[in-house]
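S.K.: Sequence:
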Amino acid sequence: MYAATPQVWVDKLKGKPLPPPVSAEPGRGNVHETVAAASLNVPVKADLVWTSQNYHDIRIWGGAAATAELNKAVFDALKPGGHYIVLDHAAQPGLDEAGMARLHRIDEALVRKEVLAAGFVLDGESPALRNPKDDRGAQVFETGIRAHTDQFILRFRKP
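Numbering-wise, this note's numbering puts 83 at position 83 of the sequence shown, and it's gapless, one number per residue.
Treat the hints as calculated values from the structure; they're not laboratory data. Check before you lean on any hint, since a few could be wrong.
[Said to hold, decoys possible] Simulated pairs of lysine-lysine, BS3-like, Cα-Cα distance not exceeding 27 angstroms:
1. K133 with K45
2. K12 with K113
3. K113 with K133
4. K79 with K45
5. K79 with K12
6. K45 with K72
7. K113 with K72
8. K113 with K79
9. K14 with K79
Remember, it's a predicted structure, so these values are computed and weren't measured experimentally.
Please construct the entire structure, taking both the sequences and the accompanying hints into account.
M.R.: Below is the structure:
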């Protein structure tokens, strides 16, 4: 298992105290951490890459170029038939980058468009974390909505 930290995060957090690496936790001896720039730098092709509640951060901090770089790196790191799962906080359709930064949410249609542009095929999605009571207008850390946001789970496949 590989835990990758996007270069845009490393740059953003430079000089700030960081939590201990996942690989340092008890029972995580099989986790290898890497910093991902233009590639995920894994020694073998992966069956699965999963990003959870952070695609929006990569977009906020690095713009469309950063998410395009991430999606290409994931595509290159996967075996043919491998899966890429993106789970994130749903935004109202058409939310702009300033709104993404303010709310920590992203438009699901934008994620679909960007990942499909990298060569993936959408082959599944799950309603497991959907919350129709969330109007998608609140910042995800606000009391009352924190841990109760409407979230999408998209599964893409590398052809």
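S.K.: Please go over all the hints and tell whether each is borne out by the structure.
M.R.: To see whether the hints hold, each was checked on the structure:
1. In summary, the hint linking K133 to K45 is not supported, as the alpha carbons are separated by about 40 angstroms, beyond the 27 angstroms threshold.
2. Restraint check: the Cα-Cα separation between K12 and K113 comes to about 25 angstroms, which is no more than 27 angstroms; the hinted pair holds.
3. Simply put, K113 and K133 have alpha-carbon atoms about 26 angstroms apart, close enough for the 27 angstroms limit, and the pair holds.
4. With a CA separation close to 5 angstroms, the supplied pair K79 and K45 stays within the 27 angstroms bound.
5. Between K79 and K12, the direct Cα distance comes to roughly 30 angstroms. Violation of the 27 angstroms bound is thereby established for this hinted pair.
6. For a cut-off of 27 angstroms, the pair hint linking K45 to K72 stands: about 14 angstroms separates their Cα positions.
7. At most 27 angstroms may separate the alpha-carbon atoms for a hinted pair to count; K113 and K72 meet this at roughly 13 angstroms.
8. A C-alpha spacing of about 21 angstroms is found between K113 and K79, which places the hinted pair at or below 27 angstroms, so the restraint holds.
9. As the CA atoms of K14 and K79 are separated by approximately 32 angstroms, the hinted pair breaks the 27 angstroms bound.
Checked against the numbered hints above, the structure violates hints 1, 5 and 9; every other hint is satisfied.
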